[in-house]
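*Asks:* Chain residues, written in single-letter form:
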Amino acid sequence: DTAVSQTPKYLVTQMGNDKSIKCEQNLGHDTMYWYKQDSKKFLKIMFSYNNKELIINETVPNRFSPKSPDKAHLNLHINSLELGDSAVYFCASSPDQGSGYGNQPQHFGDGTRLSIL
Amino acid sequence: KQEVTQIPAALSVPEGENLVLNCSFTDSAIYNLQWFRQDPGKGLTSLLLIQSSQREQTSGRLNASLDKSSGRSTLYIAASQPGDSATYLCAVNQFYFGTGTSLTVIP
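Quick note, the sequences are listed as chains A and B, same order. 1 is the number of the first residue of the first sequence in the working numbering; add one for each residue after it. 118 is the number of the first residue of the second sequence in the working numbering; add one for each residue after it.
These are calculated hints, taken from the structure and not from any lab test. Please note that a few of the clues may not be correct.
[As the list claims (entries may be wrong)] Listed next, the in silico DSS-like pairs over lysine-lysine satisfying Cα-Cα at most 25 angstroms (straight line):
#, chain 1, residue 1, chain 2, residue 2
1, B, K159, A, K41
2, A, K41, A, K71
3, B, K159, A, K36
4, B, K118, A, K71
5, B, K159, A, K40
6, B, K118, A, K36
[To be verified] Derived, one-sided and incomplete: chain A residues facing chain B with beta-carbon distance under 8 angstroms:
#, residue
7, F42
8, T59
9, V60
10, P105
11, F108
12, D110
Glycine included, C-beta positions come from ideal geometry on N, C-alpha and C.
Extracted from the complex, chain B is given alone in its bound form:
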C-alpha cells in the first residue's frame, strides 16, 4: 500500500526566501503526483500535477519535480510571499495524500 510522507510538518520563513517542500512515497509505481494548497477552513486547490512520464512542472513561482526511482517529489517556491502561507499537500495517484506541510511566510 502506498504511504506518503511530508517533512517538515511545519515551516516558517521570512518573506522573499526561496523554499523547498518535500514529499516521499513508498511505492515507485505511480501514475501521477499532485501538489495542493489548503487555506484554513477551505478545500484544496490544485497547484501542479506531474504525470509519471514527466520530471517536473512549473507554474509561475512554483516548480514541482518528480523522481520516481527515489520515491520523492519536491515543490520549490521562489521569492515567497505572505500570501503563500497555507498547508501544502502532495497526493500520489490522486488519492493517497501526505499529512501536509504548514507554511508560514513572515512579512
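Chain A extracted, bound-state conformation:
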C-alpha cells in the first residue's frame, strides 16, 4: 500500500524537451506538495496545493506548471528542460492546509530522478 507514489522513478531526457511527473496519494490528505532536491541534497519547496488550489508558489520558473485534477493527484509538467533542472523531485502530502502552520507531518514519495543530457 504505497501512500504517496510518483512516476516515473527515473527520467532521462534531452535539453529542450517537455516532460511530466505524476504523483498520487491514497491517504485522503487535502494538501500536496512538490519539492526539488539538488545535487547537494538541499530540499526546496516548489508548490503546495490544498484541495486543488495553489497555496504556495516559491519563485519557480514559469516553465514549471503543477496541475491538480483532484485532491489525490498533483502532476508536475516542465517545459523546455534545462541542464539546471537535473535533480530529484519529491511529491508529498499532508492532512493540513499546506500553509506552513500545520501540526501534521508530511508524507513523501520516493522521488523522481530527472537527468538532462
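Take the given structure of chain A and dock chain B to it, following the hints.
*Replies:* For chain B alone, kept in the frame of chain A given last:
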C-alpha cells in the same frame, strides 16, 4: 527569510553510542519543527514533529528538543544501531529544510 543549518554535515559513530544532531534556524518566529530521515534513493520519513508551544518530543530511542529563543533544535539518538545510518534533515514551518547530517553507525 528563514535559513536552516545543520552541523555537522557528516558523522560516524560506533554502534551503541548516544549522539546528538543539531539544527539551527535564523528566525525564531516558528510554528513547528520537524525531523526526518532519508535513506539512499528514498523519500523522507517523518520522525518527530515539535509544535512551537512544545519543548520536546520523544519516540522510542529518539528525542527532539526545541529552543526557539536560541534558534536551535537537537535530535538525540540513544544507543545507536547500524540501521540508524541515514541522512537526517530538519524542517522549520514544514517547508524550510536544512542541508542534513549524514549519519553512519559502524557495527
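*Asks:* For each hint, tell me whether it holds in the structure or not.
*Replies:* Structure-based check of each hint:
The straight-line distance between the Cα atoms of K159(B) and K41(A) is roughly 12 angstroms, inside the 25 angstroms bound, and the hint therefore holds. This hinted pair does not check out: K41(A) and K71(A) have alpha carbons roughly 28 angstroms apart, beyond 25 angstroms. Proposed proximity of K159(B) and K36(A) is supported: the alpha carbons are some 14 angstroms apart, at most 25 angstroms. A threshold of 25 angstroms between alpha carbons decides the hint, and for K118(B) with K71(A) the separation of about 29 angstroms lies outside it, so the pair is violated.
A C-alpha spacing of about 15 angstroms is found between K159(B) and K40(A), which places the hinted pair at or below 25 angstroms, so the restraint holds. Distance restraint check for K118(B) and K36(A): the Cα-Cα separation of roughly 18 angstroms lies within the 25 angstroms cut-off, and the hinted pair is therefore satisfied. Against a cut-off of 8 angstroms between C-beta atoms, the interface hint on F42(A) holds, since the closest Cβ of chain B lies about 5 angstroms away. For T59(A), the shortest C-beta to C-beta distance to chain B is roughly 11 angstroms, which exceeds 8 angstroms, and the interface hint is violated.
A hinted interface residue such as V60(A) counts as satisfied when its beta carbon comes closer than 8 angstroms to some beta carbon of chain B; here the least separation is about 13 angstroms, so the hint is violated. With a least beta-carbon distance of about 4 angstroms to chain B, the hint placing P105(A) at the interface is held under the 8 angstroms criterion. With a least beta-carbon distance of about 3 angstroms to chain B, the hint placing F108(A) at the interface is held under the 8 angstroms criterion. Because the closest C-beta pair between D110(A) and chain B is about 5 angstroms apart, less than 8 angstroms, the hint holds.
In the structure shown, a violation is registered for the earlier hints numbered 2, 4, 8 and 9, in ascending order.
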